[in-house]
Amino acid sequence: MRAFLPAYDLEAPETLDAALRLLSGGDGGWKPFAGGTDLMVLLESGKLAPGRYVSLWDIEELRGITVSEDGVAIGALTTYSDVLAHPVLRADFPLVVRAAAETGGVATQNRGTLGGNIANASPAADTPPALLVYDAELDIVSVRGTRRVPYDGFHKGYKVMDLAPDEIIRRIRLPFARRGWRQAYRKVGTRRAQAISKVCFAAAADVRDGTLHDARIAFGSVAPTVVRCHVTEHALRGRRIDPGIAAVARQALTADIAPIDDVRSTARYRMRVAGNLLVDFLLNDDNSQRPTPNSQS
Amino acid sequence: MADLTVTCRINGQAATLRGHSMARLLDVLRRDAHLTGTKEGCGEGECGACSVLLDGRLVNSCLVPLVHANGAEIVTIEGVASADRLHAVQEAFVACGGAQCGICTPGMVLAAVSLLARTPRPTEDETRAALAGNLCRCTGYMRIFAAVVEACGRTAEPS
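As you go down the protein sequences, you meet chains E and F in turn. So for the first sequence, our numbering puts the first residue at 1; every next one is plus one. So for the second sequence, our numbering puts the first residue at 1001; every next one is plus one.
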């Protein structure tokens, strides 16, 4: 253990009210802590900011997945394992299920949460591109009340979010808006498993009679935040699916993403691979993600 | 209140753990509960050497703060065998030679125990996914994989 523990505090309230009161405290400085799959790594490496943390782990109000006519509402503390086990998510939101399956191993999937994956605000996070494709909305809560915001636009810059210090994500809402759309999720890392993404891709397209009527395209690891590619979506809307669409897609994509050289990859590689993933998705229906069959595991 | 006392059950016995609320469960188990079968590998949730079961679920104990153990049921490698005989997974690891230096073995066994508790007849893909978070630098995995297949009473399918 490299961290100097006395520089930290971790309280674990059991109710949402108690947690929100701590976060709203006049003396400030309390920060949320969920499954610990990132913050405990930072702690051990001596990089976690000293201070006071509020564990959200014991708060039942932040758990659970509810299904309504319009969509699902996923508690922010829902783990990747919870996602993998849920029949409605498996049937209607296969990209979120795929992202959960590709995040770490079982032990990480048992502790990592969707809310944490969002609020940790890593541009390389694996579930956010899938959430963007499904037009996710976030319920954000504080002692001041609850507000609902589109997830698209929630990340304002590198680790900058539309989230005040006293607010936490309460739930993630996904409407049933992609039924019948072609969908794909691809994560490109150093290895096929257990790797942080060099490029992460999620997309859905409403393709009928050879024409792309609408699309949602999102990437991770190619910009300061996960990004939804509005320029590319606009450029593709109404186009025939034929080989000519590839150049249009690649060109438009340069306006949406801004990859950099870093420890995991290079800007050039990421731009090329991002274009390849998109073109492959548009031209090869075989790569699409089907609803995930339910299993007992 | 950074220091706290946690009551939990470890390997079926009531236990009291004391320490900083953010202390790693791994350290508390090894130093204070003297359960040194749980190993530290990477200390960053990548290798699975510190795997334990927390309320029946596989976790990396290096990433669990002590406060999250409050009221929990914890199983470490010391609690897998019963008094007079090894668990079927442990017997299979012995029979198949599924261990070499031994550092990954407690975590591997717990990952396999966790898999078989939920999925008694896993597919090959399910077995691979269940062990994916546990790294071994000696065996090349084949004997470990064979041990898990053996443990669920199946013969290895050609891959």
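Each hint should be verified, as a subset may be incorrect.
Not close to chain F: a few residues of chain E, all C-beta gaps over 12 Å, as computed [as the list claims (entries may be wrong)]: (1) P6; (2) Y8; (3) D38; (4) E44; (5) R52; (6) V67; (7) G105; (8) V106; (9) E137; (10) T146; (11) D166; (12) H230; (13) V273.
Each computed DMTMM-like pair below joins lysine to aspartate or glutamate, with the alpha-carbon atoms no more than 25 Å apart [said to hold, decoys possible]: (14) E:K159 to F:E1073; (15) E:K47 to F:E1091; (16) E:K31 to F:D1032; (17) E:K31 to F:E1078; (18) E:K31 to E:D70; (19) E:K31 to F:D1003; (20) E:K47 to F:D1055; (21) E:K159 to F:E1040; (22) E:K47 to F:D1125; (23) E:K47 to F:E1126; (24) E:K47 to F:E1124.
No lab work stands behind these hints: they were computed from the structure. Quick caveat, the model's predicted, so the values are computed rather than measured. Just so you know, even glycine gets a beta-carbon here, dropped at the ideal spot from N, CA and C.
**Request:** Determine which of the earlier numbered hints do not hold for this structure and return their numbers in increasing order.
**Result:** Of the numbered hints, 1, 2, 3, 4, 5, 7, 8, 14, 15, 16, 17, 18, 20, 21, 22, 23 and 24 do not hold.
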